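Participant: The UniProt record's numbering puts the sequence shown at residues 1 to 257.
Be a bit skeptical, because a hint or two may be false.
As the list claims (entries may be wrong) - Okay, derived cross-link-like pairs now, EDC-like style, lysine to aspartate or glutamate, Cα gap no bigger than 16 Å in a straight line: (1) LYS25 - ASP56; (2) LYS170 - ASP218; (3) LYS25 - GLU45; (4) LYS25 - GLU53; (5) LYS170 - ASP205; (6) LYS170 - GLU254.
To be verified - Just the calculated beta-carbon pair ranges, DEER-fashion: (7) THR63 - SER37: 23 to 29 Å; (8) ASP174 - THR6: 54 to 60 Å; (9) THR146 - SER253: 14 to 20 Å; (10) CYS19 - GLU239: 30 to 36 Å; (11) CYS19 - SER90: 35 to 41 Å; (12) ASP70 - ASP122: 24 to 30 Å; (13) ASP121 - ALA220: 18 to 24 Å.
Please keep in mind that the hints were generated in silico from the structure rather than gathered at the bench. None of these values were measured; they are calculated from a predicted model. Even for Gly, the Cβ is constructed at its ideal location relative to N, Cα and C.
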Amino acid sequence: MADALTVVRRRRRILEYLCEGAAPKRDIVATTDSSRSTVNRAISELSSLGLVERVDGGFRTTTPGRLSLDVVTETSETMRTIRESSDVLSNIPLESCVSHRFLVGADVVTGDSAAPYSGIDDAFDRLRRADRARGFGVADNDPRWTQTLHERATEGSLSVDVAITRPMAKYALDRYDDRAAEYFAADDYRVRVCESLPFGMFLFDVEDRTVAHLLVHDEAGSFIAQVENDRPDAVEWAEARFAERFEAGVPLSEFTE
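Based on the sequences and whatever the hints tell you, model everything.
Facilitator: Below is the structure:
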């Protein structure tokens, strides 16, 4: 007999229908547009694996069946995101170990060649409204971003924890030297410097909701696209990646010494 994953993929439509409630075989045939023999084989396979069961009114999906269906559905959605966004994702280094969990239900927004920062508009809007921001800064692509982050953090309306690379720290201090003292004086503006960072990423807390934005750049550091997700498991993954890198960095004030 085929393995359970293969069976669930092949009989997915029937499992989905039986998740809605018990149904006799004749209704399964009519609703799924399958032949009687196909439904008989499907019920036999699914029953032998404990994924459907006979009840009053016909057959229904079991809890293991629903969980198995969830896994296959999630995998299919993730594979579709990967396939449709392969050109974008190929710019993320393999060693960065981006989790497939971050891609489940994610929105991928690319920049326009005529307006390269348009792909970051959603993230920028959240930056303007957020109470808290955490993330990795690997490039200074959009002047609005740096200006807004600085203004909101130094005025006390935004709590910021950001990790940046050594080249980015040197660049920022050279370009924004007049603001360095404000960076160091702001209680809720914490910047740490890391040897390297895998990608650009920010998490924004807006109205009791956290949204994670993974920022994709090409080899030259130019912004290409963002991958946005607010699913709890995606946010949890992003928070863990941020925490481990931020804690490993040194305060910006030490970097300047």
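Participant: It remains to establish, for every hint, whether it holds in the given structure.
Facilitator: Hint check results:
{"no.": "1", "hint": "LYS25 - ASP56", "result": "holds, 12 Å"}
{"no.": "2", "hint": "LYS170 - ASP218", "result": "violated, 20 Å"}
{"no.": "3", "hint": "LYS25 - GLU45", "result": "holds, 14 Å"}
{"no.": "4", "hint": "LYS25 - GLU53", "result": "holds, 12 Å"}
{"no.": "5", "hint": "LYS170 - ASP205", "result": "violated, 28 Å"}
{"no.": "6", "hint": "LYS170 - GLU254", "result": "holds, 13 Å"}
{"no.": "7", "hint": "THR63 - SER37: 23 to 29 Å", "result": "holds, 28 Å"}
{"no.": "8", "hint": "ASP174 - THR6: 54 to 60 Å", "result": "holds, 58 Å"}
{"no.": "9", "hint": "THR146 - SER253: 14 to 20 Å", "result": "holds, 19 Å"}
{"no.": "10", "hint": "CYS19 - GLU239: 30 to 36 Å", "result": "holds, 32 Å"}
{"no.": "11", "hint": "CYS19 - SER90: 35 to 41 Å", "result": "holds, 36 Å"}
{"no.": "12", "hint": "ASP70 - ASP122: 24 to 30 Å", "result": "holds, 27 Å"}
{"no.": "13", "hint": "ASP121 - ALA220: 18 to 24 Å", "result": "holds, 22 Å"}
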